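Visitor: This is what each chain is made of:
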Amino acid sequence: MERLQFRVLFRVFMLRVVDLELLSADGDPTKLLGQFAALLAGISFLFCLPLLLVGGGWRETDLWTMEHLFVAATMLAIGLFSVLNWDSIFPDRRDVLVLAPLPVAPRTIFAAKLSALGSALFISVLALNVFTGLLWPMYFSSADGALAVLRSFGAYWTTVLTAAAFMLFFVLTLLGVASLLPRQLFLRLSVLLQVAAFCLFIGVFIVEPTSVTPEVLREPGVQCLPTFWFFGLFQQLNGVTGPMQSVIAELAHRAWIALAIAASGALATLLLSYFHTLRKIVESPDIVSGSHRIKWPVTFGKSLQGAVTSFCLRTLLRSRSHRVILSFYFGVGFAIVLAYVVALYAGGLSSRGAASAFVSAPFLSASILMMCISIGGIRIVASMPIALRANWIFRITELQQPSAYIAAVRRAFVVISVLPIWLASAVLFFSVWPLRLALEHLLVLGLLGMILVEATLHGFKKIPFTCSYLPGKGNLQYVFWACALLLLPLINAGAQIEMRMLNSLFGYSALLVALSLALAITRWRTAAVLTPTTQMQFDEVEAPELLSLSLTRE
Amino acid sequence: MGFTMLELRNVCKRYSSIAAVDGISFSARTGEVTGYLGANGSGKSTTMKMITGLIEMDSGEILFDGKPIQCDLMAFKRRLGYVPEEPHLYTHLSGLEYLEMVAQLRALPPKISAECIDGLLHLLALHSDRDLPISSYSKGMRQKVLLAAALLHNPDLILLDEPFSGLDVGSALVLRSLIQELSARGKVILFSSHELETVQRICSHVVILHRGKIVADDSIERLQALMSLSTLEEIFSELAVEQDAGSISRQIADLIQA
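First to last, the sequence lines map onto chains A and B. If you use numbering that gives the first Met the number 0, the first sequence corresponds to residues 0 to 553, in order. If you use numbering that gives the first Met the number 0, the second sequence corresponds to residues 0 to 257, in order.
Chain A with its partners taken away, still in its complex shape (with noise of 0.2 Å):
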C-alpha cells in the first residue's frame, strides 16, 4: 500500500517540477525542461572543446584545473538547483489538503519529495556532465590501460554524483534549521537565505583559483574550499601517486566528512522540522502577512499607472516565488561585481590609492551589469503570472488605448527596476567618484536604463504578472549563451567607451546625443506596433506555424 502510494507521489511530484497553474492552454512543461537539459548538454560540450581542438599532450596543472573545474561547475549547478527548489521540499498547501485526509503517511509523502528532488538533480548531473563524463576521463586516468581508464570513470562519475549530493544536503540542512524557526519568521527569512545562497555559490565559484597547481593545493584558504575537497576525492579515486598525495588523501578525507555531516544534518534537521511544518503549512498561508497597514508615501502616477506598478511591486515584494527568481539573477551580478571588485584590489588599489583605482572602466561595468541584469531580471519574471485565474479583474476593467498600458508598463519597470540600482549606484558613485563624473555617469546610466527598459517592451502586450507562460517560448539554451558570451564583453567595450567620454567635453556630449537617440528610436518602434485595436494579452499562445501573407489579388 505504502510503496503503491510512493510511486503515485513520486510520479506526481516529478511532474510538478514545472508550476503548471502558470502555463498557458497550449503550455508543454516537457518543452522547457528539454530546454533546460539542452543547456547543460550545451555547457559540457562547451567544457569539450579543448579536447577537441587541442586533442592529447596536457600538463598534469591543467588535467587538474580542468578536473577542478568540472567538480566545481556540477556543484555550482546543484547548489543553485536546490535553493531554486527549495520551497518544493515541502508539500505545499494544497498537497497538505488534499493528501491530510487521505491515509498517507506524512513519510510517505516526505520520502516522495525528497526523492523527486533527488532524481531531479541526478538527472541534472547526468546532463551537465553527459559530454565531459564521456570524454575527459579518458585523459584523467592515472596509468595506461583499459582498466585505468574505467577507473577514471568511475572515479569522475563518483566524484561528481557525490559532490551533487553534498550540495543537495547542505541545502537541505540550511532548510530544515531554517523551519524550525516559528513559520512567519520561516517565511520571511528564506528568501534571504536563498539570495545568500546565491550570492555564496557563485560568489566561490567566481573568486576561488581557477587554476589548480601544487602551491595552490597547499594553501590553507583553499584547502578549506569545498570544491577542492571533492577534487581530491577524486584524485584520490583515481589512484594518484606522487608528492602530493598526503595533501590530496587530506583533501579527500574532508569530503567524506563533509558528505557524512550534510548527510546527516539534513537528515535530522528535517525530520526534526517536517512534521511540525506540516500541520503549520495548513494552518498558516504562504503569504507574508503584517505589512500591509504601511502606506506608500509616494504614489506612482495616475490612476492605470499607480495601479499597475503598485500591483507589480507588492507582487515581488510579496511573492516568494518570483522572488527566489529574481533573487537568482541578482546573485549571478553580485557575483560578478564581486569579480570586478577583486580583480580591482588584485589589479592595484593598493598601489595607486583607492580613488584613481575607483574611478575606472571595471566600476562602470559594475553598474551596468547590475542595470542589465536588474532589467532583464524583472522582464523574465514579469513574464511569469501570480494566481493566473484572477486575472479577469484586469480583462473587465480594460478600458483604455493599449498605449496607456504600456505606458503604465513603462513606469513599472522604470520604478521597480531602474530605480533601486540608479538609487544604489548614486549612493556609491557619489561616495567613491569626484561629484562631476559621478553626476555625468548617473545620467548616461538613467538614459541606458530606459533604453533597456524600452527595449524589453518592444512587442510585450502583457500586464506585469497577469499574462500565462509559455515553457520554451524563451529559448533558454539561446538566450543563456547570447548572453553570456556577448554581455559581458559588450559591457566591457561599452564601459571602456563611456571612461573615455567621461574625460572629454565633446565625447560625452555625443555619448548624451547618441542615448537619446536610441532611447528615442526604441520608444518609437514600442509605439509602432500598437494600434488602437491592439488588446493587451493575457494568454500565452503558441506562434502559429502557418504564416498568412494576406496577399489578394486586387
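Since the hints were derived computationally from the structure, they do not count as laboratory data. Quick caveat, the model's predicted, so the values are computed rather than measured. Where is the CB? At the ideal position from N, CA and C, for every residue including glycine. Mixed in with the good hints there might be a few duds.
Stated by the list, open to error - With a straight-line cut-off of 25 Å between C-alpha atoms, the simulated BS3-like cross-links for lysine-lysine are: (1) A:K112 - A:K301; (2) A:K30 - A:K112; (3) A:K460 - A:K30; (4) A:K279 - B:K138; (5) B:K110 - A:K301; (6) B:K212 - B:K66.
Stated by the list, open to error - Output of the computed footprint for chain A on chain B, the stretches with three or more beta carbons under 8 Å from beta carbons of chain A: (7) 2 to 14; (8) 214 to 224.
Stated by the list, open to error - What follows is a set of in silico ranges between Cβ atoms, one per label pair, in the way DEER data are often shown: (9) A:A423 - B:L72: 32 to 38 Å; (10) A:L184 - B:S15: 47 to 53 Å; (11) B:L72 - A:S503: 29 to 35 Å; (12) B:Q256 - A:F274: 32 to 38 Å.
Position chain B against the provided structure of chain A, taking the given hints into account.
Guide: What follows is chain B alone, placed relative to chain A:
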C-alpha cells in the same frame, strides 16, 4: 416596466464539437432582476463570460442599450459590474489594496473612490480585516470583496454569477435586499443561482437554460400559470432536471456499500 437594456440574439459558443451555448436569445430590462438558471454545465457561466467579454462568442450578437457591445467594448465595460462564479482574487493583496487597485483600473477619482471603498468595507463587515491579505479571508469574505469590486463604480449592468456562494445567513440577507434595492434604482441585474427559493423571491423574470438552450424565458407568475406548478423548484425540475434524485441517491449508497 423598464426598457430593454441587455439583449442577446442567437448567441453560440462551442468548445471543440460541444455546444456550450447553443443559439440563445433573451433580454433583460432596467429595474428588473433576471434570474438565469440551469444545471451545472448548462452554459450559464459561459453566457456571463461572453457578456463580460472574457470569452468570445462564436456567433450571435450581444446588445447593450441597443448597440452591439463590440462596437465600443470599453464604454460597455465602464458600465458593467461582474461577480464571477469562483472567487479568484489576488490573494497577496489585502482587501483594501485589491479594491483600491480596481478603483484605479477603472480610473475613479481617488477621493470619491476612497470614500466609497471605506463605506463598502464597513457595510460589508470587512473593515476590520481590510489590511489582512486576501489569502487569509474565508470564502464568504472573498465573495464580499468581489461584490464590492463589482459595485464600486456604480454600474448600470450587474452580472452576478452565484453571488450567494459562501455567504453566511446575515450577509446573504443583506445581498438579497441589495439586489432588490439596486433593481428598484433602475439597474439591470442578471443573476445566476442554484438557490431557487432566493431566485423566486427576488427575480421577476427567469431564463432557464438546459444543455446550452433556453427552455423557458418568462415571468415566474406566467410560468407557474402555464405549467400549473406552484414553485420555481417544480418548474425547474420539470424543465431542466433529467435525473430521478431518489433513484440516484439509492444507487450511490448501494455503490459505496458494495
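Visitor: Determine for every hint whether it applies to the structure shown.
Guide: Checked hints:
1. A:K112 - A:K301: At roughly 46 Å apart (the allowed maximum being 25 Å), K301 (chain A) and K112 (chain A) break the hint.
2. A:K30 - A:K112: Measuring from Cα to Cα gives roughly 23 Å; hence the hint holds.
3. A:K460 - A:K30: Answer holds: K460 (chain A) to K30 (chain A) is near 23 Å, not above 25 Å.
4. A:K279 - B:K138: holds, 20 Å
5. B:K110 - A:K301: holds, 13 Å
6. B:K212 - B:K66: holds, 24 Å
7. 2 to 14: n = 0 at 8 Å, threshold three: violated.
8. 214 to 224: It is violated, with 0 qualifying residues against the three required.
9. A:A423 - B:L72: 32 to 38 Å: About 43 Å separates the Cβ atoms of A423 (chain A) and L72 (chain B), which means 32 to 38 Å is violated.
10. A:L184 - B:S15: 47 to 53 Å: Cβ of L184 (chain A) to Cβ of S15 (chain B): about 50 Å, so the range 47 to 53 Å holds.
11. B:L72 - A:S503: 29 to 35 Å: Given a distance of about 55 Å, which is not inside 29 to 35 Å, the answer is violated.
12. B:Q256 - A:F274: 32 to 38 Å: With a Cβ separation near 35 Å, Q256 (chain B) and F274 (chain A) satisfy 32 to 38 Å, so the hint holds.
In the structure shown, a violation is registered for the earlier hints numbered 1, 7, 8, 9 and 11, in ascending order.
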